[in-house]
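**Q** For reference, the chains in residue letters:
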Amino acid sequence: MAAGLRPGRALLSRRRGALCALLRAARGLAARPETHFGFQNVTEAERREKIYQVFENVAEKYDVMNDSMSLGIHRVWKDILVHKMNPSPGTLLVDVAGGTGDIAFRFLNYVRSVRERQLQQKLRNHQNLSWQEISKSYQEEKSNPLGDSQVVVCDINKEMLKAGMQKAQHLGYSEGLSWVLGNAEELPFDDDKFDVYTIAFGIRNVTRIDLALQEAYRVLKPGGRFLCLEFSHVSNPLLSRLYDLYSFQVIPVLGEVIAGDWKSYQYLVESIRRFPPQEELKAMIEDAGFLKVDYQNLNSGIVAIHSGFKL
Amino acid sequence: MVRAAEQRAAPEPQRGGGGAQPGTAPPGTGGGAAARGGAMLRGCGRGAAAALRGAAGSRRASGQERQGPGPGRPLEPSLLRFLVCPLSKRPLRYEESTNELVNEELGIAYPIIDGIPNMIPEAARTTRKRPPAEGSEQP
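Which chain is which? The protein sequence lines are A and Z, in order. Going by this note's numbering, the letters in the first sequence line up with residues 2 to 312, in that order. Going by this note's numbering, the letters in the second sequence line up with residues 63 to 201, in that order.
Do not take every clue at face value.
[Unchecked claim] Think about it this way: if two alpha-carbon atoms lie no more than 20 angstroms apart in a straight line, the pair counts; the simulated EDC-like pairs of lysine to aspartate or glutamate are:
hint, chain 1, residue 1, chain 2, residue 2
1, Z, K151, A, D211
2, Z, K151, A, E186
3, A, K222, A, D149
4, A, K123, A, E134
5, A, K51, Z, E184
6, Z, K151, Z, E166
7, A, K51, A, E257
8, A, K222, A, E287
9, A, K79, A, D64
10, Z, K151, A, D191
11, A, K85, A, D295
12, A, K137, A, D149
13, A, K293, A, D193
14, A, K123, A, E142
15, A, K264, A, D68
16, Z, K151, A, D193
17, Z, K151, A, D196
18, A, K293, A, E280
19, A, K51, A, E186
20, Z, K151, A, D192
21, A, K143, A, E117
22, A, K194, Z, E138
23, A, K293, A, D196
None of these hints come from the bench; they were simulated from the model.
Let the hints inform the model, and build the full structure from the sequences given.
**A** Printed below as a string of structure tokens:
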């Protein structure tokens, strides 16, 4: 009798096992490293590879495409990010996924102008300076215009970094600027090093966002700030429909016409839709250990700046 | 992956004293000549403007002059303060002869190409004959 029952039980357990596997497959993320590339489902390794190729293809035309797709508004978004950061001279910034250096250059400009204003203020307050002291103060400004501020641009894609270095050369940025080829999920930096960590339009392309957030927490000094500028979700239904129309009908066409690459820009638009909305990203940032996490919607949620502190 | 051997160079001695601008030679960034051609035209105009604007603090020596894809540039000394091995988070040693950042414990070396250190674990070269104790993990 027991013998008769045993194979029956074995059969049942096997069927249960198969059912469990099916449930797990349906749930997806927990068991296997399956993830998405735009609207396709791919493995994590495939996703990394595909994203690398996307940015390898678009690197040269990246800035031009940004301008044409966002009608130049992306510059305003990045300006707002740096203004929100409000860096003072002496700040150490790590700009992850910073490819072509947009945030880094703005940071350097901002810090330079703050420093100039500081020195001018100092001069104005000391009215009885001798000629010698005044010229020494001007020399100070000349020899240390950034006030020891530094920015390290880290990106996983070589082509984007090369494009960024060339841009830096043309625009005349050299001091206080370094470039590193690295993975946001595994940063090659020591703990407690940086004052500010920014990732602008990059976290969407990271495969394991939780790892990137943990690394961000690790490399920031206590008191350091995490800033993330990223496309997000529009809640207004009318605007959302217009945005969808623009995204799916206009942007890939622009991609084809300007960069000769429909697929990469199709990926871009799809990846925006797949990215978690504001509240979910806020929860993920809090999970990584950041405090006082908040977000600011720009353009009704087309773009959002998330901010958190390591306290 | 580009091996460090291809980019063997005698690194120029870095004279980065205080805040003074190091007069490094313009980088030999290898790359598509076509891309650079178009970028150069745009860059020439902006380069001139930047030169005029940057009269107070002279930046690059001459952005126009371009050497061929020359030997890899040495690493900026300020970066060494921050860089550690991405796998073990341990400090690295800068090896001048091969222009690499070496992690002794794991026996791996990260190449520096055109002044950009390549800190992706897959790009690292093993320095020992046998594979390192901790295999290079997937990020």
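**Q** Hint check: A/K222 vs A/D149, CA-CA at most 20 angstroms. Holds or violated?
**A** Distance of about 17 angstroms is within 20 angstroms: holds.
**Q** Are the Cα positions of A/K222 and A/E287 separated by 20 angstroms at most?
**A** The given pair, whose Cα atoms are some 17 angstroms apart, holds under the 20 angstroms limit.
**Q** Is it true that the CA of Z/K151 sits at most 20 angstroms from the CA of A/D211?
**A** Judged against 20 angstroms, a Cα distance of about 19 angstroms means the pair holds.
**Q** Need the status of pair Z/K151, A/D193: alpha-carbon distance at most 20 angstroms?
**A** At roughly 12 angstroms apart (the allowed maximum being 20 angstroms), A/D193 and Z/K151 satisfy the hint.
**Q** Between the alpha carbons of A/K264 and A/D68, is the straight-line distance 20 angstroms or under?
**A** 19 angstroms, holds
**Q** Can the restraint linking A/K123 and A/E134 be considered satisfied, given a maximum Cα separation of 20 angstroms?
**A** Satisfied, since the Cα-Cα distance of roughly 12 angstroms is no more than 20 angstroms.
**Q** Under the criterion that the straight-line Cα-Cα distance not exceed 20 angstroms, is the pair A/K293, A/D193 satisfied?
**A** 19 angstroms, holds
**Q** Between the alpha carbons of A/K51 and A/E186, is the straight-line distance 20 angstroms or under?
**A** 17 angstroms, holds
**Q** Straight-line Cα separation of A/K79 and A/D64 no greater than 20 angstroms?
**A** 13 angstroms, holds
**Q** Run the distance test for Z/K151 versus Z/E166: straight-line Cα separation, threshold 20 angstroms.
**A** 12 angstroms, holds
**Q** Are A/K143 and A/E117 close enough, with their CA atoms no more than 20 angstroms apart?
**A** At roughly 10 angstroms apart (the allowed maximum being 20 angstroms), A/E117 and A/K143 satisfy the hint.
**Q** Run the distance test for A/K51 versus Z/E184: straight-line Cα separation, threshold 20 angstroms.
**A** 17 angstroms, holds
Going down the numbered hints, you'll see the structure goes against none, and every one checks out.
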